[in-house]
Structure formats: structure tokens, C-alpha cells
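**Q** These are the residues of each chain, in order.
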Amino acid sequence: MLLGNEYYLGVDVGSVSTNLVLLDHEEQVAEALYLRTMGRPMQTIKEGLKQLRAKFPQARIIGVGTTGSARQLAATLLGADVVKNEITAHAVAASRVHPGVQTILEIGGQDSKIICLRDGVVVDFAMNTVCAAGTGSFLDQQAGRLGIPIEQFGPLAVEAQHPVRIAGRCSVFAESDMIHKQQLGHSLEDILAGLCQAMVRNYLNNVGKNKDIRGPVLFQGGVAANPGIRKAFEEELGQEIIIPEHFAVMGALGAAYLAEEKLVRAQGERGESRFRGLQVVDTEFQASSFECAGCANHCEVVEILQDKTILARWGDRCGKWSSGKGEQRSASEVNAR
Amino acid sequence: MKVGYPRAVHYYDYFPFWAGFFRGLDLELITSPLTNRQVLEQGLKKASDETCLPIKLLVGHIQALSGMGVDALFLPRMVSVEEKTYLCPKLLGLPESVFASVPEGMGVLTLDFNMRQGKRRVIRTLEEFAEGLGKTGAEARQGFLLAQNWQEHYESRRHEGRSFGESMGEFDPRLAGEAGRTIRFDNPDRDESAAVLTVALVGHPYLTQDNYANLNLVAKLGERAHVRFIEEMEPQGIEQGLQGLHKSVFWSHARKIMGAGASYIGDEAVDGVIYLSCFGCGTDSMTQDMVARIARQQHKPYMVLTLDEHSGEAGLVTRLEAFLDMTERRVQRESNFSAHG
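Chains A and B supply the protein sequences, listed in that same order.
For what it's worth, this note's numbering labels the leading residue of the first sequence as 1, then goes sequentially.
For what it's worth, this note's numbering labels the leading residue of the second sequence as 1, then goes sequentially.
Same shape as in the complex, but just chain A (with noise of 0.2 Å):
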């Protein structure tokens, strides 16, 4: 049994945005931060720790799960107990806040998935592949070009009368074949309609490919603030969507769950979080990258400094840099940039 004042703590440091959300003693959602992470993941996180100590001085963080893309520069941060990937997490969130889903359509920043749950498993999943075509950061760039602020895209597109069709096979051509219709006189409303639809059939053709898709269907990530997309797969796909309440920070809520089970599963009784304390925030870290010279490869690996300690390292293939954490390197060991 929890306190009043402890929490799980899950983290989603994502290409678009960081999310963070705290778990409070009965499983509900105390707070959910939606952060953007503007390129600097680092700075992001300790901006949204420092926002929860300001909100709950006295809160006691007793389990951390990360997950992202960057999953593993947050773990190393905040001392994580469970990193996991973004499928895995958004699955878990979905079946605890609505159990019996068998669907989840989850679109984000850069990218795109769609699970395919049974019985409270995962059964199939896919992701998109390299083309950003049918994600949030299209959607972003489509309205600042059009001078309408995201917000009111979603709204705008569900009063459309007869939504134009445009091609949305690639985000290039789905660009120019919307300016035409533009140009041609159509109703903004229609043309953002068009894209809406346009965005969903592209969706469909290529993530949720041969997927089964049945109901109940969540549909998740930024864009399920947007009503338009929302109609627009209602309507392709014959049933209803639900749209969970929390739904941009589900990576987080499921990297907090995942916490939680890890921890409280573990024995019966809780275990030790290896959490590194709020105090995370006023302490520094440096991230670095040199290039290896040990071999051909020349890898790039990634440093974590705290005060002049190697916390971690990656990003080398035969694993000399990683598994030896502290070692310091000689100058023959690294090709001078």
C-alpha cells in the first residue's frame, strides 16, 4: 500500500515532446506533464522534474520507468528501475485504463504504431518505416503553413461539408496536391478535412497493413487532440474511437505502471527504486561523443558526465566502452576531431 506522498514516476522522452506522469497511491494520474523537448532531452527532463518538485514538495518518488527514443539517456539521468520500448508501454497503459482493448492506434511526433491486442497481450504490432508522412510533425507543418494554430486544425476539419480528397501517399505531393485544391477555390475547411483522410488512408495502408483491427479501438499520442483525425478514422473504419483521457502521455503512464509492476511484483513487497532523487535537477550533466579508434568502425560514443564521473556510455558496437563505465580513455584511444 502506497502513501499519500509516494509516487511512480514514468518518463517518455520522445522526438516531439517529453512527457512525464506521476502515479499516485490509489493508481490514478496526479499529474501529466506534456513537455516539447526541442532537440534537448537532457535539459527537458530536469525541466519537467523541476516542475513536479515545484507541485509536490513533498513527494516521494519510489519507482522510475522510462520510455522513448530516448529511454536509455533518461534511465541513466534519473536511475531507472524498468527502460522500456514505446510498444510495450503504450500496450500497458491501454489495457489497464481500459481493459479489453484490442486496439491501439497511436500516432505521435515522427512516429506512428498500431498494436494489435488479445486478451490483454500484445498478438501484433507495426511501426511506421523512414517516411514521416502521416505523423504529428506533418500535421504541425501543414497548419503553421496555412497560418492556423494546431489547436484549431482538429475543430476547423470536423465542419467541413464535402472534404476534398488529396493524395497522402507522401507528404511532398500531399503538400503540393493541397495547395492546388487551395487554389482551385476549395473551402479551408474541406482541404483540412482532406487531409485528415488523407493522413488516416495513409495510416491504414501502411502501418496497420494485414493488421486485424478490432474493437475497442484507443486511439492515442498527440494527435488524438485532433477531431478531425479522429472522425476521419471513425469513419474508415466503421466503429467507434475512444479516445482515452490521458491520452498524449500514454508512453508515461505505461512506463509508471511497468514501474510499479516491476517493483511491487517483485517479491510480494516493494522493492528498493534506484532512483537518484529529485535533487536530479540542480545536479550537472555533460553529454559528450568522441569517435573510437580502437577498430574500422569508428564508432561514435555517446558520454554522460555528472561532475566529471562517466555515468554512462554507448553507442559502440564490441561493447569496450559501454560495459566498462568509470574507465578513463587514453588519447590513442579516440581520433582527435
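These aren't lab readings, by the way, just hints derived from the structure by calculation.
All values reported here derive from a predicted model rather than from experimental measurement.
There's no promise every hint is true.
[Claimed, not checked] With a straight-line cut-off of 30 Å between C-alpha atoms, the simulated DSS-like cross-links for lysine-lysine are: (1) A:LYS209 with B:LYS90; (2) A:LYS211 with B:LYS247; (3) B:LYS90 with B:LYS46.
Keeping the supplied structure of chain A fixed, place chain B upon it in accordance with the hints.
**A** Structure of chain B alone, referenced to chain A:
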């Protein structure tokens, strides 16, 4: 005379054959280094933009040979290795398709290897090739026997389940020391008690066995699962997997991948199947989907990983982890079910 053999494309299947043949001719055959960043970068620079990753790697390996003091490069045109099948069109285009990227001054030795024309013609071709190098027909026939012998030996080692590094290392000394080197991850989440899975990694051996090109996939997979390969599948297993197809697959590799993949899907000891492919592969574009259909029918966890020259490791690791999590949870659930009757 020192002849160089690039460690690329058909090296991963037929090197023992050619090593045996050159031994029979008493010529030194040396291999290029294991794929590394420099090899890949050189390949990307010198190869045609439109070709597939394996051919780009081949071009990189040819460049790597130029600094090793070889007198010539050996690059056979492998047309067919067994009845009623061909190798892929890009391999048939060798060596001409990479002539432009062969360093100046390096000769290219080549011959057509075509089993569809029968063994006698193949031996005749080998004799002519040997005579061109100042050797005798008898030496060529001797070489052919040794070649077949070594190839069979290699294949039977693989069927026994011995690793690629160990089996190929018998013919390629450079490999012997490198096999089994793994990468370690500092992951607090690694649960030692987790169910150990068996995962079949199907795909062209030049992808599944090139640890640089596949971003160390086998070692990463090996942390949580036993890994099976198509080369470990005996011919009967492959035949069995191909049953029920409307039409026979006439590319050797595609046929092997398809048959072995289907057999692994039907094998209860295999918990999941990963198809490793690369951008620009014509035969994979068909077989990966055909294998997917079989996996879906039989409810076997299945995933396609596609490599290209700018594959990020992060994307690969995420997919791999998620796939293993999924498969582990499924195995655990299934064992729970049976325990409750």
C-alpha cells in the same frame, strides 16, 4: 598469385566451395575484412545508387581488397546452383554490374557457374578457367572435388546447428577469432528469469550473418532467445515448408527462405519468426509477404525488419524489444493456460 574474394553476397553461402577449388589449384585465396564502417561508406560512394544494400556492400569489400596486395579479384557469375532454380537477377548481373567500381589495376577473374547446364559443363568451365591461369585440367577436376567436399562439409555443419562463425571459420581463418563476440547493454530491466525463447531469423545469409550490416541483430536477439537460421534447416524441412504452393519458387535463396520460414512457423519449438530484409530486394518483396500470410494463418508472432544504409539502431532495437516482449508474454500466457487445463 594472390586472389581476393570479397566478403559479400554469395560469400555467405558458397565460399567453402570456392576456397576448396582454389586450394585444388594451389592458388592463394584471401578474403576482405569483416564489414566495417569504412567498407560500407566506400560501398555507398562507389556503387550505383539504385542497387540493393548487399551489392553496395560488395562494392565496399572490393575496395577493401585493393589495399591488401591482391593481384586479382575473383567474382564468379553464380547463375544456378541446383536444378530448376536461379540465383537472383542482381547476382546474375555480376561481375559486369560492378566493373565501374573495381579499382584501377585490379584484374577480375570470373566464370559462369551454371548447374542447370549439368555437372559436365560446369567442370568444363572450371577447366577452362584453370587453364587460363596456367593450371591443368586435372588440377581443375581435383579442385572441383575438393570444392564439393568442402561445401558439403560446411552445409552439414550448419545443419547440425553449429554457428556460422564456427563453420565458416574452418575455411576462412579470419572468421575463427571473431565469432561469437557480442555486445552488452546496460539495461537494468533485463530479467534473468525470463522465459528463454526460440526465434527463427529468416532472410538472406548475407544479411543475417553480416553483423555490421544488420546492426548486431543476432547478438541482440541472442540475449533473450535462441536464434535459428535458414541454413540450419535440412533440405527435407525446406521441401515440407514449400508444400501447398501453387507454383514453385525458382530463385534459390527465395525458395530456401520461403521453405525454411514456413517450416519454422509450423514448428512448435519456435516461438516467433523475424524476417530480415533490405530495401531494394526484389525477391524479398514477394517472399516476405508470402511468409507473413503463413504466419498469420498459424498465429505465429512474425515481424519484418528492413535494413538500409542509414538504418538507425534505435528503431531496430525498439522493434526487436517489442517483438520479444510480445512473444515472451504470449509464451507465458500459453503455459499458464495449459497449467489450468
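**Q** Hints first: check each against the structure and report whether it holds.
**A** Results for each hint:
1. Distance hint between LYS209 of chain A and LYS90 of chain B is fulfilled; the C-alpha atoms sit about 28 Å from each other, no more than 30 Å.
2. This hinted pair checks out: LYS211 of chain A and LYS247 of chain B have alpha carbons roughly 26 Å apart, not beyond 30 Å.
3. Between the alpha carbons of LYS90 of chain B and LYS46 of chain B the distance comes to roughly 17 Å, so the proposed pair stays at or under 30 Å and holds.
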